[in-house]
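J.: So you can see what is in the structure, the chains are spelled out below.
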Amino acid sequence: MITLARLRKSVDEGLAYLRTVDDIEEAEVFAASNGQLLTRLNYTSHIPCNGVEEPKSSESYGIGVQAVFRTAEGRKIGFGSESSDISIEGVKEALAKARKGAVLDPEFVSLARPSGEKRALRRYHDPRLMRLADGELVGCGWEVVGGALRTFQASEALIDLASGDLRALGLIVGGDVTILQERIAVASYAMPEVQTDESSVILSFVTSMVEREGSKGSGWAAATRLAAFGDEAGREAAGNAVQAIGGVRVKDGEYRVVFGPQAVMDLMVNLVMPSVNLGTFYAAASPFMGKLGKQIASEKLSIYDDGAAVGLIGSKGITCEGLPTGRSELIRDGVLTGLLTNYYEGQRILGDPMGREKLGVDPGDYRAAMVPRNGFRFARGGGRNFDSQPGIFATNVIVEGDDRSREELLRQVSDGLYLGRIWYTYPVNGLRAGDFTCTVVGDSYIIRDGRLAEPIRANAIRLNDSIHNVLQGIIGVGRERRPTLAWAADEIVYAPEMAVEKVGVQEIAGFMEQV
Amino acid sequence: MPAKVTTDVISQVREMACELVRRSSRRLRHLRYCDLRIEVGEGKGAAAENGMDKLSSEDYGFSFGVRAIAGEKMAAAGYFGQQLGAADLPRLQRVLRAGIDHAYERALASAQSKALARERLGPLAEALHDTELAPIEVCQDSVPPQYQIDPRSLSLDEIVRYVREISKGVQGVGQQVMYNHVGASTALSRQLFCSSEGANIDQSWAMTGGVCFVVAVGKEAAQELYDFVGHQRGWEAISQGVDEEHIQRPDLRTFSLDLAKDTVALANSRPLKASDKDVVVVTDPHYNALLVHEIIGHPTEADRALKMETGYAGRSWLLKDLAENQLGKRVGSEVLTAFTDATLSGFGHYLYDDEGTPARRVVHVDKGIFFGFMNSRQTAALLGAEPNGSYKATDASLVPLIRMSNTCFAGGDRDPQDVIREVEHGYYVVGHRIPSIAEQRENFRITAMKVYEIRNGELGEMFRDGGLTSDSRDYFMSIDAVGNDFRLFPIPNCGKGAPMQTKRMSNGGPTMRGRAKLTGAA
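Sequence order for the protein chains is Z and S.
According to this note's numbering, the residues represented by the first sequence are 47 to 561, in order.
According to this note's numbering, the residues represented by the second sequence are 1096 to 1617, in order.
Isolated chain Z (complex conformation) (with noise of 0.2 Å):
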């Protein structure tokens, strides 16, 4: 990787050039060094696997310029990046694919100029993780299937069910290791100060099965240094496979549900977290439409993020675009009280003559719930990219409410469903409709008389229904909460179980029984 004094220099020398250019009215320069290094885990019982399927990297930098041009049609912003070249050589390129590819945005206001908010995180990355070796990837790795290995070993309950032979019953243990590795510059005219961020994560998220049996159980970690990462993503997905044995199916009907963390970022990233995006908002397709500083959900839910937490897992110091990051109020007790922006749709929405019709309240009266902490360059499954623009990506989400414990919300349904981990979880009719399916695909158990009863069998139960019925139906939120991580989603959940009334289940798939 390159060093974050290199990009520093980069950046200092490619804005004092930028200056240097006539036409050019304002601009910006961001350089970023990332790493990402990924090993895919693959163990099956049943068939011939290696464990540790691919350990692999993907690696960029490079430098990004974002400029604002004086033209005789009028003002232009551009952007062009230029990979493996940070020098002034690489930043006039950049500069010459922005000027190329400028445009006459009328909604263009300007670049971002300081929010006035002070920058909370500085040197909170791992050395360690920025230079992790090759051998030390793979062993990452392996240690994560060594635990769900030895977990499946010492299971007296699988001894029962084998008769001998583990292998027979088809363990599965798949997932990853994944670390992230980034570095970043930026300055521009407005905030000419180099800034520069230096993030890693690594994490790691497991499936295990016992497919004989058709159990499936989830693991997962996250850490920001590589001390505190271990086995127990394996071990904890192949105990809940183990204890997932034996599961039954679940009629047509609607039930009371406790959604486990899993669950709860699943709903969260899929349909929640796209609606209070002010870009959204913009497009009239959020189903919150009109609904800023009104009750959108049950008054037991609150949810913010806050992307300078110290010690959270997604966690700058600074946005893509310079700014501090910082918390933002988006769900306070049921009402709608912020949404995640960056610099421009913060812009453009005061602009916009439809912005009160959208919101539901005059933008200029709000512009406390609309303040830029979340442009990111989030691109690729990770990494803040030189050759992206800056777009709304979300960071540390924590979702709270009226802290009930995990026995509490189970007495409070009494009888019901608890869904550990819900798949495929889309806004099917459009996201501004609300309406949204997935199919429960583990970790999940029937609550009877206030307690966990029998396993559900994965795969056998799809959900039908709406987020709005969803939010408005939460009866109980818990005091726990987990780091949650999504396929191919920049942000983590911190994620608590949550009780929801009148949730529509259809079974499915009965055919299976059979095959």
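There are no misleading hints in this set.
Coverage of chain Z stretches by chain S, computed from C-beta distances (three or more under 8 Å per stretch; other residues unrestricted):
id	stretch
1	187 to 196
2	206 to 214
3	218 to 224
4	470 to 480
Worth flagging that the hints you see were computed from the coordinates, not collected in a lab.
This one's a predicted model, so the numbers in the text were calculated from it and none came from an experiment.
Every residue gets a Cβ at the ideal spot worked out from N, C-alpha and C, and that includes glycine.
Based on these hints, arrange chain S on the given structure of chain Z.
T.: Positioned in the frame of chain Z, the structure of chain S alone reads:
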């Protein structure tokens, strides 16, 4: 070495790269196999919203990826990928060599750990095996691109103007159109594949696509529709449309205006009511494109079937294990046939996959009997099958996965109008929208753009927010009519793998009739 990155780079580095890979076998003691992909693209594109310019860009892409299989006691694979730039050209040999060394070190480390695990983890570790690749015909070839309007010759300004005017036109469809986004891009790409076995394949392709997203608010509801047009051709693919035997798509302007009119009409329509029981449904080729993608294409990817995607994209109900599976068994009615064929003209077309295996037709279901999976050399070795050329990555820096190319239901011999006319009461399901599929692809819910009621063979009222749900096998078994109107559609955004790779492909089929439950608004 050239100073600019153009697709000509491939010609200039071809010999050096192939020699580097060949020499690696001699240089690295425990290397059993190595392959290298280098990819260069030259592209441009623009986007507009509500008739206003939003962005435009003209740039190149340049990347490489390496796979090494190595080991002393046992063999394992290791990979390395990197984005490159013009500054890498003078030092390219050194950069590629460092990448090969990284992949080799990872393979060695993984092989050593695997051997150690076999010693330490008892009987469960007996499943750990040597990484093997099934043999293939080793090819040397060059494949030229097909286009009329060279993506490199088109001016960026013309693309900007084109999408702006279309976006204005969409806005002009009516006051109920609240928002629209129109985008277009065109690119020429070229990839070199060389392996330690002697493969040396240089493939080029043009790729052009356009997208339209519309939100309308009507008297009944708000409605949002999104769709894509594109083909492996030059700019003509969207400026003029496509008129081939199996691909008939309008130009981007006509396509976007039609989509906007549909969105407005749907926003003024009633929602479809869900049914408790299966009803007769006739599905059009566009809807079937997503259906075949989700419930034929994905479950016939051998990596899913072999549980390698258990943690992410899911498994396949078609294979429990190597002994117990659906191969040779009936999974659908006599009239149901489905296949993947990368050699067909389409958005997913190619002649060699990313490990140099020649592409060919892979029949998945033949007259209702399950026949086989798309595979890679590694999964073919496990299944005892011949590699069939289905291993593709989105970019050379990423590790290939088993992927659809052009996957479709085969056409039948029925007039599609007759297929509808024979229905006393049922529903005509038009255009795909959003899917949600069970983990082994054993059940689906897929929404449609439009659903019409059929009464006495005639189309009646149009409904919004409708779709179908069924268990996959039940639905396959219910198919009783297959039209002769086979069509392919571009799918630009199929996600799979970790990190997720978004791949382009074609899916399609003819008009078909079966039975499923209707879904509606919640």
